Amino acid sequence: MSRGTDEIFHEQQYLNLLYARLDALRVRAGDQLAGVLRTEHGGTQQARTERDTFATAGAGRLAQLDAAEEGLCFGRLDLDSGERRYIGRIGILDDDGDFEPLLLDWRAPAARPFYVATSAAPQGVRRRRSIRTRFRTVVGLDDDVLDLDVAVDGEDSGLVGEGALLAALTAGRTGRMRDVVETIQAEQDHAIRSELRGVLVVQGGPGTGKTAVALHRAAYLLYTYRERLVKRGVLIVGPNPTFLRYVSHVLPALGETSAVLATVGELFPGVRASRVDAPEVAEVKGRAVMADLIAGAVRARQRVPEDALEVVYEGVKYRLERETCVAAREAGRTAHRLPNFGRRAFAEHIIDALAGQVVDRLNDDPHRQETLALVNLIAAELGEEPADMADGVFLGREDRTRVAEALAEEPSVQEALDWLWPQLTPQRLLAELFATPELLREAADEAAGLAGAADGAPVLTDAELDLLLRTPGGWSAADIPLLDEAAELLGDVDTAAAARRAEAARRARIAYAQGALEVAEGSRSIDLEDPREEIVTAVDLVSAEMLAERFEEEDARSVAERAMADRTWTFGHVIVDEAQELSPMAWRLLMRRCPARSMTLVGDVAQTGDPAGAASWAEMLAPHVEDRWRLAELTVNYRTPAEIMAVAAEVLRRIDPGLTPPRSVRSSGEEPRRVPVPAAELVERVAELAAREDAALAAGTGTDGGDTGRLAVLAPAELAADVAAAVAAKLPDAGFGQDPDLERRTVVLPVRQAKGLEFDTVLVVEPDAVAAADPHGENDLYVALTRATRRLVIVESED
Numbered sequence: 001m002s003r004g005t006d007e008i009f010h011e012q013q014y015l016n017l018l019y020a021r022l023d024a025l026r027v028r029a030g031d032q033l034a035g036v037l038r039t040e041h042g043g044t045q046q047a048r049t050e051r052d053t054f055a056t057a058g059a060g061r062l063a064q065l066d067a068a069e070e071g072l073c074f075g076r077l078d079l080d081s082g083e084r085r086y087i088g089r090i091g092i093l094d095d096d097g098d099f100e101p102l103l104l105d106w107r108a109p110a111a112r113p114f115y116v117a118t119s120a121a122p123q124g125v126r127r128r129r130s131i132r133t134r135f136r137t138v139v140g141l142d143d144d145v146l147d148l149d150v151a152v153d154g155e156d157s158g159l160v161g162e163g164a165l166l167a168a169l170t171a172g173r174t175g176r177m178r179d180v181v182e183t184i185q186a187e188q189d190h191a192i193r194s195e196l197r198g199v200l201v202v203q204g205g206p207g208t209g210k211t212a213v214a215l216h217r218a219a220y221l222l223y224t225y226r227e228r229l230v231k232r233g234v235l236i237v238g239p240n241p242t243f244l245r246y247v248s249h250v251l252p253a254l255g256e257t258s259a260v261l262a263t264v265g266e267l268f269p270g271v272r273a274s275r276v277d278a279p280e281v282a283e284v285k286g287r288a289v290m291a292d293l294i295a296g297a298v299r300a301r302q303r304v305p306e307d308a309l310e311v312v313y314e315g316v317k318y319r320l321e322r323e324t325c326v327a328a329r330e331a332g333r334t335a336h337r338l339p340n341f342g343r344r345a346f347a348e349h350i351i352d353a354l355a356g357q358v359v360d361r362l363n364d365d366p367h368r369q370e371t372l373a374l375v376n377l378i379a380a381e382l383g384e385e386p387a388d389m390a391d392g393v394f395l396g397r398e399d400r401t402r403v404a405e406a407l408a409e410e411p412s413v414q415e416a417l418d419w420l421w422p423q424l425t426p427q428r429l430l431a432e433l434f435a436t437p438e439l440l441r442e443a444a445d446e447a448a449g450l451a452g453a454a455d456g457a458p459v460l461t462d463a464e465l466d467l468l469l470r471t472p473g474g475w476s477a478a479d480i481p482l483l484d485e486a487a488e489l490l491g492d493v494d495t496a497a498a499a500r501r502a503e504a505a506r507r508a509r510i511a512y513a514q515g516a517l518e519v520a521e522g523s524r525s526i527d528l529e530d531p532r533e534e535i536v537t538a539v540d541l542v543s544a545e546m547l548a549e550r551f552e553e554e555d556a557r558s559v560a561e562r563a564m565a566d567r568t569w570t571f572g573h574v575i576v577d578e579a580q581e582l583s584p585m586a587w588r589l590l591m592r593r594c595p596a597r598s599m600t601l602v603g604d605v606a607q608t609g610d611p612a613g614a615a616s617w618a619e620m621l622a623p624h625v626e627d628r629w630r631l632a633e634l635t636v637n638y639r640t641p642a643e644i645m646a647v648a649a650e651v652l653r654r655i656d657p658g659l660t661p662p663r664s665v666r667s668s669g670e671e672p673r674r675v676p677v678p679a680a681e682l683v684e685r686v687a688e689l690a691a692r693e694d695a696a697l698a699a700g701t702g703t704d705g706g707d708t709g710r711l712a713v714l715a716p717a718e719l720a721a722d723v724a725a726a727v728a729a730k731l732p733d734a735g736f737g738q739d740p741d742l743e744r745r746t747v748v749l750p751v752r753q754a755k756g757l758e759f760d761t762v763l764v765v766e767p768d769a770v771a772a773a774d775p776h777g778e779n780d781l782y783v784a785l786t787r788a789t790r791r792l793v794i795v796e797s798e799d
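Under the UniProt record's numbering, the letters of the sequence shown match residues 1 to 799, in that order.
Worth flagging that the hints you see were computed from the coordinates, not collected in a lab.
Please read these numbers as outputs of a predicted model, since none were measured by experiment.
Built from N, CA and C at the ideal position, the CB exists for glycine as well.
Some hints could be false.
[Stated by the list, open to error] Label-pair distances were calculated between CB atoms; the ranges are:
#, residue 1, residue 2, range
1, 6, 83, 39 to 47 Å
2, 557, 361, 37 to 45 Å
3, 224, 6, 50 to 58 Å
4, 272, 557, 16 to 24 Å
5, 190, 557, 30 to 38 Å
6, 38, 622, 21 to 29 Å
Work out the full structure: start from the sequences and follow the hints.
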């Protein structure tokens, strides 16, 4: 029920108090940060480290306070005990000495009844109040009275804060995802607050708030398990850059800035996916057998000649026999499982064999006596001892070592080594593999052996191998997991060298710290009557390692910057939105980023559109965690009106008759509209309809004076460019392209690019063409039909 002006006045007074306290905290944080930044940049390493740490913490606190400005307080709980709790984006304490909470952080355990209390299970709550604000003004109140004595059977909608929820759902979209911290529902809260450990799968149909759950869970975990997560960070993986920009404002608004948002195509440092694969190519690249193919490619590059390999040194031809190369290859593989590290042992074996041939040739030279005389003449002139040819050998073991050193620098020897066992980067391995049919066949043959295929059956058919062939240049999103797999199999020599340097520096710091402790130990006083003795003897409690840690130079980069620059970085928790879209190879990459398997995966297998995506959660997770995962289901559709969902449900039945669509909580009163047009006029008529709908949105009145909404025109991939050009001719400000600006009132998108987004009005173009485009076309159509929050228009050819 809506509250009167007296209640609004009361809540406004309290809101004024909260904002006054927020402003005071903001000023204090700003002054503290300014003081730190004014500190001189010299001083000891420890002083610089502490200053940087304080500056980072101060900037983070100021950002958190700034982010809480909009919607600072949104709820109140009146408890049976008489206690009153206000709920908001951050926690705020009073400043009168007793530090009582003025505002509870929504993630605090004491705030949870705001999201889960119902009339059937009130949890000690007598009344829950939703407070709607615009800037710093209270504009509306909605109360839920949770009293079993007055509850009527069958009248509980099951929604928490129904008035506030419906107001949020009917508000115009803005091109940015809103956080839903004010209107989280009980089943969403259950998923958000699920324990950190293990793999949580959040399955939900369109409009159930999966993305909101994922983002609010990130904020909740960083609040609840901050000590465990803040140093390693939380990785949030989204389906495409458009989606990530759409949701990028949510976590800062919730007071969190330490999460890393990325697509799979951004998870290999130094490479950004810009190439676009055909669907059938992406499907092959996404298969788990690609791991075998890449392992086969690595192994196939460790070659041996059919007979012998000739190497020219100082004009003389030397032969590397097959047996010698086989023995060297075995030595390399035995020395290290990673080829880029095993190559050193291989090269030493080859060079030693060549050095032996060089020395033997010189010792067998019929003119060696003349050579010895010349050497001794030079030695006499230098005042050195003459050389001796003991046992008829002119060059001995030390000479052989010097010959090997010379051979190691010889270009012809390096060329031979690179053919036999090249030191490869992931980029070189895959670029050459995909550009060379012979290398692909060799890799497939090796892979069949590694995979133990029956009767040597290939891991990929010839036709599938041909799909992988391409001209070099650029990488696709499907290539990124393959590059990561190759890096894992090859061994990163640069990373290993950096690790060795870091370890050497650490040992040097420990040695220095040990010396400092010994000086302190030797110089301290033994006067037990001196009260300072207690402080001095604290040296006994500090090890050299602990002291070295204090003096270690902190990396000034943020967690996100360090994580994105380091392929081997492991995160404290990984959250994947639209998880059903990821290929088996992408999952191998993500599992390496989170060896603890602390993950939250949100999605809907009925919406799988990627040709390499998942058909079921169990099938997707079995190779990595078997059945050790738990499921949280979201069953209520908050976004899509019942009228639109009825149309989408017909498509869902075609996808899988056993699937049940989520229950819509509201009706719009407007049925979806079908507009048949002549095929020859399709593109032009779509543009006219888009212009008409755009004008209707522009003329509308936004909720509380806010935005009036957004329009999306969703077209099959093959028509998207033509539709975008026609719409742009009538609406020059419309957004389109690979990464459109969603804050424009109208955008044109290929259907698959709309995944995870929502708009007030949606025009779906040629639904039959969408459904027939590929084996997952019906899934894409289901996604397209469920993007609208108010109005759906379907435009199709008359034939």
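Against the structure, the hints:
The hint said 39 to 47 Å for the Cβ distance between residue 6 and residue 83, and at roughly 22 Å that hint is violated. Distance hint check for residue 557 and residue 361: the Cβ-Cβ separation is about 56 Å, which falls outside the suggested range of 37 to 45 Å. With their beta carbons about 38 Å apart, residue 224 and residue 6 fall outside the hinted range of 50 to 58 Å. Checked against the hint of 16 to 24 Å, the C-beta distance between residue 272 and residue 557 comes to roughly 19 Å, which is consistent with it.
Residue 190 and residue 557 have their C-beta atoms about 36 Å apart, which keeps the hinted 30 to 38 Å range intact. The given range of 21 to 29 Å is broken by residue 38 and residue 622, whose C-beta atoms sit roughly 57 Å from each other.
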